[in-house]
Amino acid sequence: MAGEKKIKVVISKVGLDGHDRGAKVISTLLKEAGMEVVYLGTYQMPEDIIRAAIDEDADVIGVSYLSGEHLVFTPKIIDEMKKHGLDDVLFIAGGVIPPEDIPSLKEIGINEIFMAGSMTKPIVEYIQSHVRKK
Amino acid sequence: MCSVDELEGLEKGAEANWDNYLKAYYGKPTSGKTWSGFDLKEIYGPRDREGKDYEKGIGEAGQYPFTRGIHSDMFRGRYWTRREVIGMGSPADTNDRVKVLVEHGGTGLNTIADITYEMGLDTDHPWAVNEVGLTGVNITHIHDMETLTEGVPLDKVSWSLITASPSAAATMAQYVAVGQNRGYDISKLRGSVQNDPIHFRYCGFRPACPLDLSIRLGCDVMEYCTRDMPKWYYTTVNMYDLREQGITAPQEVAFGFGIAMIYVDELIRRGLSIDEFGPRFTFYVSCHVDLFEEVAKIRAARRLWARFMKEKYGAKNPQAMQFRFAVHTAGCSLIPQQPLNNIVRISYEALAAVLGGVQSLHCCSYDEAICLPTEKGHLQALRTQQILAYETGVCNVADPLGGSYYVEELTDKVEEEVLRIMKQVEDVGGMEEAIRTEWLDREFEKEALMRQKEIDERERLVVGVNIFTTEPETQTPLGVQRISSESAKKQIDETRELKRTRNINKVKDSIKRLREDGEEGRNVLPAMIEATKALTTTGEMLGTVRMAMGYSYDPMNIIESPF
Chain A
1 MAGEKKIKVV ISKVGLDGHD RGAKVISTLL KEAGMEVVYL GTYQMPEDII
51 RAAIDEDADV IGVSYLSGEH LVFTPKIIDE MKKHGLDDVL FIAGGVIPPE
101 DIPSLKEIGI NEIFMAGSMT KPIVEYIQSH VRKK
Chain B
1 MCSVDELEGL EKGAEANWDN YLKAYYGKPT SGKTWSGFDL KEIYGPRDRE
51 GKDYEKGIGE AGQYPFTRGI HSDMFRGRYW TRREVIGMGS PADTNDRVKV
101 LVEHGGTGLN TIADITYEMG LDTDHPWAVN EVGLTGVNIT HIHDMETLTE
151 GVPLDKVSWS LITASPSAAA TMAQYVAVGQ NRGYDISKLR GSVQNDPIHF
201 RYCGFRPACP LDLSIRLGCD VMEYCTRDMP KWYYTTVNMY DLREQGITAP
251 QEVAFGFGIA MIYVDELIRR GLSIDEFGPR FTFYVSCHVD LFEEVAKIRA
301 ARRLWARFMK EKYGAKNPQA MQFRFAVHTA GCSLIPQQPL NNIVRISYEA
351 LAAVLGGVQS LHCCSYDEAI CLPTEKGHLQ ALRTQQILAY ETGVCNVADP
401 LGGSYYVEEL TDKVEEEVLR IMKQVEDVGG MEEAIRTEWL DREFEKEALM
451 RQKEIDERER LVVGVNIFTT EPETQTPLGV QRISSESAKK QIDETRELKR
501 TRNINKVKDS IKRLREDGEE GRNVLPAMIE ATKALTTTGE MLGTVRMAMG
551 YSYDPMNIIE SPF
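Taken in order, these protein sequences are the chains called A and B. Under the working numbering, the first residue of the first sequence is numbered 1, with each subsequent residue one higher. Under the working numbering, the first residue of the second sequence is numbered 1, with each subsequent residue one higher.
Hints were generated in silico from the structure; no laboratory data involved. None of the values given here were measured: they were computed from a predicted structure. It is possible that part of the hints are untrue.
Claimed, not checked - Lysine to any residue pairs mimicking SDA-like chemistry, simulated, CA-CA at most 25 Å apart: (1) A/24 - B/449; (2) B/489 - A/78; (3) A/76 - B/127; (4) B/499 - B/534.
The whole structure should be built from the sequences, with the hints applied where relevant.
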């Protein structure tokens, strides 16, 4: 559809964990689904991700967790998002996250979590139907 | 594998109905391919083996080219080592879990470094403080290693220290320092250190693993152990981690061998003889879920390695030709959906390892797609190994699949494909060049993307992911492993206290010697062992060697050398 702005997604790893297979794969697949994706790579701190999301005017922030670091970094990312008024930016996460943690992560403000072994289609559809309308 | 139309209606949310029943009833695999994509015939027979010489191409177990195993009696001589990887929280937490598994019949001690330690950071580093102990254990100073090994008779056990990055040099120094302080003769200690820094750039540790530093420190450890610790396996070239990137079985072997030969070439350049160091060279292999392909892969790897050692490197000692390996069942084959099913996947993978003639086995825990292993998960994984060893009878005969028309043919096919890929690597300028130019990165990325697309398109089926799905679980059956933030805090405080109270002049002297050895190209292990005894820390030792080789002190570029 000519003239329609593409959904812009910032994908990142957080902290020291470098298991980036999932982050890279989902970046490519979201691009193939018609979104504009900026993959920040490894060794990003919450501030780095938020700065990139602001600079890029991102509609979606997606982080990939593996090592249990979701408990440390999710609240920090949400704090930074609030501080910078990114209330209408969708915040999703993927990776190795115990199901027991999902309710509390959602309660503090993460929008959706896709565990390891997710198919691509539901992720694309979720983003398309929940992203802010421009 | 099945075709897509047969599966319509078997996905999540479909109403249970008799059409689904009929689809499942008449279901059949429609593409006869292995996991890695080898096309298969319906059946194999003697004609497939015509012109193939048994003695030359396969041979008996224990005899060159060792296709059928490295020992003539295989498991009748001794079961494989049942070695579960352990690493969580503090050295004390990890020591506790080690003892639990030993109490329950674990036979190999196996501890793994956390992210912060692999990166070469002390626990008090600004980037480390958030993540100490989340995925393993950090050893910052000699007291941490003392705690990790507390109460364990080092002369009786075989300890596998999983540190892969250049930090493996620090790990070895710390283990030796503790061993010597406790009065052990280190030449008698048995165990292994992973020490494969080259491959670790692909596991998210690129800042800690510049290529020249990886070769230098990796080979310093190998050279030191060859000379001073003849019972120690000084590297476990990690083909497993490469496979976890999403590549195929033949790529796993080809890329693993490429990396292994960088070390072999360097050790020979240093004047060591292949017959002297070859017998202590080991590999870490993945076993994925395609049982026959994994067995064929292992058999092909054994035959190829023997030929390379003999024909390319001129080895004369048969032990230097033997492909020795541990198996880690494929973590990436596990899923959080319907998690108890992972026990079944792991069992098939472990069976592949044993049918392949493994020396040492780590079975994943069923909960590894969810969290670090819980104690119950860990024990269950150990029990999987024990059931295989003690109940199933698979240990009675060496290489039980040898002579199967199919498995022999697949072994040949994997071997051909490994050689083709090795040639491909040669054509891009050899393995070092493939790494430097990021050709290898692009291969990994291409394959990983393909694996996900195969799942999305249902060309590859995973129960619970794209077939026979159910609503997501909200509870992990045996609970979730949590890492105590108190443990990390205590460990960080101890590091700060040690740095404040130690004799700084001794530390500085040890750093000076280490720097000189680093700059002048001497093996840094002896200086690291002395530095460890002088209470110099991991980050300080590695930072000093990094600077001696022209790199920043801190891989994360946050802190400067205090010396």
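Status of each hint after checking the structure:
no., hint, verdict
1, A/24 - B/449, "holds, 8 Å"
2, B/489 - A/78, "holds, 24 Å"
3, A/76 - B/127, "holds, 15 Å"
4, B/499 - B/534, "holds, 11 Å"
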